[in-house]
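Chemist: Take a look at the letters that make up each chain.
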Amino acid sequence: MEAANGEGQVQVHLKTKQEQYAVPDVPYAIDGTVATTELNTFINALLQNATQVDFDFLVFDEYLRGRLCDHLKEKAISFEDAIEIEYVERFPAPEPQDCLLHDDWVSAVKMRGKWILTGCYDNTLNIWTNKGKHVLTIPGHTMPVKAVDWVSLDSETGCFVSSSQDQTAMLWQWNIGSNAVECVSVCKGHERGVDSINVSPDEKRFATGSWDTMLKLWSAELEDVGEGTSKRLKESGTRTPQMTLQGHRESISSVQWMDNTTLLTGSWDHTLKVWDLNLEGIKTEISTNKSIFDASYSKLNRLIVTASADKNLRLYDSRINQGSVVRNTYLGHNAWVQTVMWSTTEEFLFVSGSYDNQNKMWDCRSPKAPLYDLLGHGEKVLDIDWSNPKYIVSGGADNTVRVYKSRKALVDDMDTK
Amino acid sequence: MTKKLTRKRNVKETEASKDVAQVSETSDNEGNQDLLQPIKDNSEGEDTTDDEGIDQEYHSDSSSNLEFESDEDGNYLAKNDDSGDEDEVNDSDEESGESDQSSENEHDLKEVPKPIKSTNNAETEDKPTTSRTVQVVQKPKKTKGKVAQPGGVKDEYEDSDTSDEEDIRNTVGNIPMHWYDEYKHIGYDWDAKKIIKPPKSDQIDDFLRKIEDPNFWRTVKDPQTGQEVLLTDADIALIKRVNSARIPNPEHNEYEPWIDWFTSEVEKMPIKNVPDHKRSFLPSVSEKKKVSRMVHALKMGWMKTMEEVEREKQEKRGPKFYMLWETDTSRDQMRRIHDPVSAPKRDLPGHAESYNPPPEYLFDEKETKEWLKLKDEPHKRKLHFMPQKFKSLREVPAYSRYMRERFLRCLDLYLCPRAKRVKLNIDAEYLIPKLPSPRDLQPFPTVESLVYRGHTDLVRSVSVEPKGEYLVSGSDDKTVKIWEIATGRCIRTIETDDVVRCVAWCPNAKLSIIAVATGYRLLLVNPKVGDKVLIKKTDDLLAEAPPSDVIENERIKAAVQWSNAEGAEQEKGVRVIITHFKPIRQVTWHGRGDYLATVMPEGANRSALIHQLSKRRSQIPFSKSKGLIQCVLFHPIKPCFFVATQHNIRIYDLVKQELIKKLLTNSKWISGMSIHPKGDNLLVSTYDKKMLWFDLDLSTKPYQTMRLHRNAVRSVAFHLRYPLFASGSDDQAVIVSHGMVYNDLLQNPLIVPLKKLQTHEKREEFGVLDVTWHPVQPWVFSTGADTTIRLYT
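Sequences listed follow chains A and B, in order.
Throughout the first sequence, residue numbering follows UniProt numbering, covering 1 to 417 in sequence.
Throughout the second sequence, residue numbering follows UniProt numbering, covering 1 to 793 in sequence.
Among the clues, some could well be false.
As the list claims (entries may be wrong) - With a straight-line cut-off of 30 Å between C-alpha atoms, the simulated DSSO-like cross-links for lysine-lysine are:
hint, chain 1, residue 1, chain 2, residue 2
1, B, K299, B, K268
2, B, K572, B, K626
3, B, K268, B, K289
4, B, K510, B, K656
5, A, K368, A, K311
6, B, K755, A, K368
7, B, K467, A, K283
8, A, K290, B, K304
9, B, K299, B, K289
10, B, K210, B, K240
11, A, K188, B, K537
12, A, K188, B, K532
13, A, K73, A, K204
14, B, K762, A, K311
15, B, K678, A, K311
16, B, K528, A, K188
17, B, K467, A, K311
18, B, K532, A, K290
19, B, K537, B, K510
20, B, K467, B, K369
21, A, K188, B, K467
22, B, K389, A, K290
23, A, K188, B, K510
24, A, K204, B, K626
25, B, K689, B, K656
26, B, K434, B, K638
27, B, K756, A, K290
28, B, K572, A, K188
29, B, K375, B, K389
30, B, K478, B, K423
31, A, K188, B, K434
32, B, K510, B, K528
33, B, K572, A, K290
34, B, K510, A, K290
35, B, K382, B, K369
Stated by the list, open to error - Here's a subset of chain B near chain A, in silico, CB distances under 10 Å, partners left out:
hint, residue
36, C410
37, S437
38, P438
39, L441
40, V447
Just so you know, the hints here were simulated from the structure itself, not pulled from any lab data.
Ideal Cβ positions, reconstructed from N, Cα and C, are used throughout, including at glycine.
Just chain B, same shape as in the assembly (with noise of 0.2 Å):
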């Protein structure tokens, strides 16, 4: 704001007369050059007038400054009180603010605006105009405008008068001054005195005036104070600039050369050297600590938040009882439950149950005999109590009845199913696993091809050489017999001195040997059948007893005794005779065909021995007898020892000699095992008329079980290059099946029965008594109690 602008604001004195007016135009001047002294003095507080006109500004664009009144109040109180010392500083401040003018040419431009400049502060800001008063009151914004003025930028809130405040001649506020029509005066000055209403002038007055004042079309009224003010000519000037939307300081030029203080263009280098910090774009590390160490401790439970603590401080307090059927009315905690039921309800009362029922509803003679004789079966009652009729509700006794129906009724809900059980609706059809049909299973025996006939007692155990060529068998007439499989004809019979319990094919061909338990005494037979060489090689081998280095524990001395055949027998073929002290029942070959295992049921703890052939030596393996042992077996893989009891099948480790395994059959009888050539699953026949197929790899529990035969199962066998096992029974049945493997070890094994061949004759309870498998061919042997073996293809 120039000072010219601010320069004077020129009150007029008015006085009570027009012609007062008239003078006081005159008088304005005069005035003027009689106030030019104190004006001087105020020239900087006319700055400040111009300056509260950009305060109102300001204050009008904030509304919200009651708040600061107060302090404004202060503010202002404060500044009066500075005032003079200000004025100086002013003062100094003007002088070199206009230092290139001459003081004199500064008081003539000050003189003619003066008036103008009056009327204007008059129009805009409805001071009141005394003369006393405006000195008064200009004080005060003079120092407001000196403070703002040394830095030409304005400190909004050091000058903080709303325009009310300022320069408040009448002190009644902002009212409506219609009140004071009535009156003389229009309010009060600062000194308390009234301020006295201007004469009204009528309207001849003012057109009269209109006619002869040339000033009349810029003279307005002061509402507040009744006095009449003049406009100046830059009062007029900024009203037409504000009126044509234009900037009201001339002096601002809008289209001043731009400063460019923040350029545009991106620079190369920071303006700033220094590197922005870590920490201002990582996230800070002991916070995320903090936070996850809080959510930690929220999923643990151990921090509570406020809701839970709340919730849980009311459930203290609360009393503590259960809803049976609490879940009924929220659904939220009922979505575990598929399909709730929701509570049974009570019937409602109905008339018989009034105190006083309808006659109709009142027992005669025969429903009381009724229901008094449904005494002991009280829920057959149609009612569970007899109506009665009362005269009055105040005759009603106390209900007896009453806790325990309480009681049956919280029966009722706890027993009440809380959710419908959906009955699986499958048909029995589709949960019969889907087997392949045997026809896809081909190739599998299917009818008797041979009978064997020869023997004359029942032929316990038969066994095929390794290359398919011939058969052996042995029987309880003593003797052995060796087949041609493909014509049926007998090659060879070795007559032994007690019953043949098993005979076994050594199954390396590259022996020629068969082990042949009769009686105490098991004999190492040479057939005499294919390949010379090797009859003549295990002649050899078999002939004389290796140098033996070990001298033998007692134990085993005591139970077995290797001697060679002599005589007769060494003619019959027998070349090695392993003496046991109790009978032998069963006689296995291990793979490799130098280690066989035999088994002395009698035996107690020396009942399974294993011979060496090669050494000529034999082993009892195990100290302590675990049960009657069955039979054994050799692992074809893995150097495992299975033996059988009646009960149960362990398997250990001969190498590590220890128990790897205890299979749990659950029967009560084991007769016989086979082992899968694989090695990983073991066939089981027991004499309960099952078949028990363990998964040594999957559990020790049966895998499958199988009760295909009718009674007592004898003997099992897989073959050694299809998926077949069979197995005889004493119902005179062989039944063959399927029993496929997997390389797979997801994939379990398949099986699948696969035919009944029924062809022996049953004599005296026993039927058939051991099958084997041929090596190659798909061919099964059966041997039975009717002294025939039969080849089934």
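So here's chain A without its partners, still in its complex pose (with noise of 0.2 Å):
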């Protein structure tokens, strides 16, 4: 009965991978119906530290949302049992740092160091400074701008890809000193909207995928010495592709390359693909149920997360082949999310950007809830950015560009230095 009212004592081990807030390991007895708050209040005391520390609290490689008694039975784990808590430091809540006006839809963005660059729906490229201040417009497509991506990016030169709907995609090599900005080549070759770009960790490629259903690879070295381009296409800069992929059925929404030689498609035709560019084949094919609008690949946990035609947010493990395997399905938006980014620094994080205006930061462990939304936009988020770990940058359909500011992060950045 005590167990049912979740007023019952539960035995407790408290544990933590983080050393500085290490307390003795002897079990407590808790009342089962503590929450989040009740814990920290707790460990705080344990601990006696001067300043408040936030912690979150993970049980059964879940985080705690409500109280402990409803947790534990919705795992069905008995009162009995002494449970291990183990809690972490609550990652720090981003705060909304600048918004960028832009003049129409914001469909792209990308941020290297302190560099945001932005495609935008009135066909034109923009580069702002993380201070929030405008740099540089950069027409050249004909047709809105659907991705863009850096190249490299040094004190002197930064090196960028854009695609749009114009069926191309271009490399723009730009000048920070003198602030000019070239186009080196436009890849030609689509059929249609190139709706996705991704440069490869090496900074030789660059992928393309594109509403024709086809899959693309460029060089992305500033000098072209492909051996079968002609002279003519060469004088005027235009590209082949080095590299042409067929099997999705539909528009190829999302790539992403997971090392040098393989990538990640997400397509419309439900399918994610894993691609083996040494084999210049389909390495894993993983089916969902829905249309694929984005997804993302971490380095850091090889697990990809998947933005699809619906409200949720859904974990895949490339490593499994067969089926499709849900490994986790993450709720909350309230409308189609239409961008999804893995964090570069930390394991179980990813933010995501949805039609219903709002971005939100979740942990992976967490699927109930995400950890923060980060509010701001008015209109549907198009794309998010969270490749500086310091910034989450997002664009939308408001013509803004939102830049939210990690705070953690930025710690960590300062210990380094």
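The two chains are supplied separately, each in an independent frame; assemble them into the complex guided by the hints.
Modeler: Below, the structure written as structure tokens:
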């Protein structure tokens, strides 16, 4: 009866991997009705710290969100057992930092260093600094830009690619000093709008996925040394694809390099495909039951999180070959989730942007609720980026790019400095 | 039979005295000598007697000789006549038979057995012995024997005398002889003279004889004549043989060599060389034909069996009336009626019906009043009559209600159910077809995902690009908008001069054309989205009119003019303008994208037009108006054309130019239709809240009528790939249903309503105006009077 009411006492072991917050490993009898806040004050009391530290509690690899007893009941864990509760310092809430106003919908956004590159529905690319200063507007495409990515960046020059509905991808070189940008080459070959673009980790190639269902690979080098390219093409700065991979039946909505020879694509034909470029073929195929709008692969935990034509985010493991094994489903958005991206530094965190005008930050161990809602957009979120661990950047249909500062990364950064 | 045996019956001529008896012995011998001559003559006759012995056997065998007796008598007589001749024959025979022996020897031999023979005969056959009679009687015997002899095989019928008849000296017949006990005689001989009994010897005599007569032991008495007969040695031997169960004839050799007349071995070759005739083992064909003809005739009732004929005759003769409940008794004929009910029985008459009922049954005043009061509804009365009292049965008048009651009784019988009707005890749930759970029929749209806002008036029509990236919508705000499906971004807005009634994206992915019906004009617009090469190609294609070699007929010219867009409209993307003579309500493409059809409900007999894009030519397929045309549709595969008037749908073959089928919708007003991509099923929406599913192979009537909406259904649409269809209605709901069409022709389509999506807002009685599916994804678009387009996924 006590268990049913959740009023019984539960024996817990409190553990942590963060040594500075370790408490003696003795079993504590805790009331079943406790929630995160009570546990927080309890740990803080044990630690006798001067400053209050917020913790999150992991019970059986899942975040504790409500009362402990409810959580246990849901997991069908006996109240008699000694329960191990792992606590981690709570990831600090990102702070909205800036709002970068554009003339039209921002459909693509990418940050590297302090530079924010955005692609717009008014066919232009824009470069901003993290301080919110508009550096450059680059016209060049004839139709809305759908995706952008940085190839390389150093203190003097930056190099980036953009893809657009005008069926081309463009490789740009940007001289920071003179603030001049030059279109190195136009990549022609797709027969419909190019929806996704991603540059390989070794910065030598980039891949594009298009509405014509093709996946094409292009050289990202500034001097194209392709053998088959004709002189005329070279002069005009037109590039032809190094490789064309056919396999999807519908538009490819997302493309990402897993390593230098492996590509992950997500498509409207309800599949995720992992391509091996050495074999020029499909290595793994994961069938889902919804069109995939975006997929993101984390090098840290080797999992794939997808945004598809529903409100949920799903976690897949590309190493599992057969069937569509959904590792987890993340519920929280109220409309289509358009974009998703793993953190490059935190193993468990990822962010998502949705048509419900919200960005959310998730811990993959917390499927029921996100860690934080990043508010700010007044319209659909079309793209989100967290490639710079310090900033979460998102562009939306409200013609703005929102910049959120991730505090913890900031601290770590400062520590390293 | 050998002659020896048959040799002679020596009948003793008995004299009255004992002495005579003794003498008789001697005289026998003498007599023998005396009689030698005649006996010789009679030798054959003796044969016959022997034969007769055999004859007897025959007769004893066949006891049913009564019929033949008369014949035999006849024979007998006849033979008597013939006897003389035959004697001669016999003689010769005899001689031939005994040729090897000398006649003398023969005589010697004959002499010895004679007396024996005679006794033998006497014993066995009870023959009266008068010398005369013997001779008389012997004659016929002889004849018989003689006839029998020659072949050595006797014809039993030749000498068919019975033992009774043969050699009868006493003519009284087969009667108990004790009847003559009191008489001196013992019957009559052939000459009707009395046969005198022999003197009765007393016991002493007998005893003396026993001692004296060495032949006493072999002397027997003939009961019929009372004579004593001395058995011969041959007789004794015969008796002994019979007693010891041996064959009576000692001459018969049982162990004669077997002559194998018919061999037991199977011969290789047939004895008869003639093969069996075919008909000996084939059933006769002609007989079979005859029989089959008769059977057929019986079956068909042309021929009747005797029984039937008899019955029919009887029926004709009998009275003609019909027993209402005849079958009650004859169960056999009732077998067809399942669980029959027997005729209702009338109640037995009670006391009240008596002519002299007990006083308590008579009505008092109150009861009478009550009875009278129910005059108008007599069935409510407790009794249908008023009990009456009469002093005697004589005073009872004729029953006035008799005829009526008979009639009512007949009615009762006539209207009474004759079989019990079993009520079906079926659970209502059982009758509901088992539909699969919607959960198993995923994917289908369940939630609203995107709203495309931008129009300022009700959006009448929507159409999706064949690749599924873009969407076009036409609205009453006189604009056409092109949208990016994934983001809800309006890419382009094309303004027109009039209300846009209908938009249709060309289903051919190799062309980039949208047909826009706005007012009197049909615009062919290049949306300039998607593949640039295709856009360019389409522009080239539509830039110039191909040289037309056909002189258009007046009727078409008056109805339609083709022209190229110019100036501002060209800038907007409009390429070709087809001006009609009446406002266009609907435009639809043929699957290949070369033909498109327009509907002008006010165009009378020119209300449906088919345009050919490549030749810039228009046709008026119908010369007569069959009603107010609502919408038209091309078959996805066959060259068929569906025309929906207000009440019916006609299917025309465009090649043969004839009506194939007319579908009866039984509805007041058709609003739209959609055909299954396989082409065998048609979905029709009507303004009277119904949706009709026609299986074109099945019937011209709806396979299923769905009343899912609460208000007029405006539009229906099949998905191209998934087994889904959607309907939009004025009740602001879009209902998504599962409509599975099986390849197996025997399996009917499965229709399961899945989801009601109701997010559109109501504007002036209008809800959802159009629904369209995404060509690839299980997504449905709906346009509403609330100026929005909504996407459900």
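Chemist: Which of the numbered hints are not met once you compare them with the structure shown?
Modeler: 1, 2, 3, 8, 13, 15, 20, 22, 24, 25, 26, 30, 31, 33, 36, 37, 38, 39
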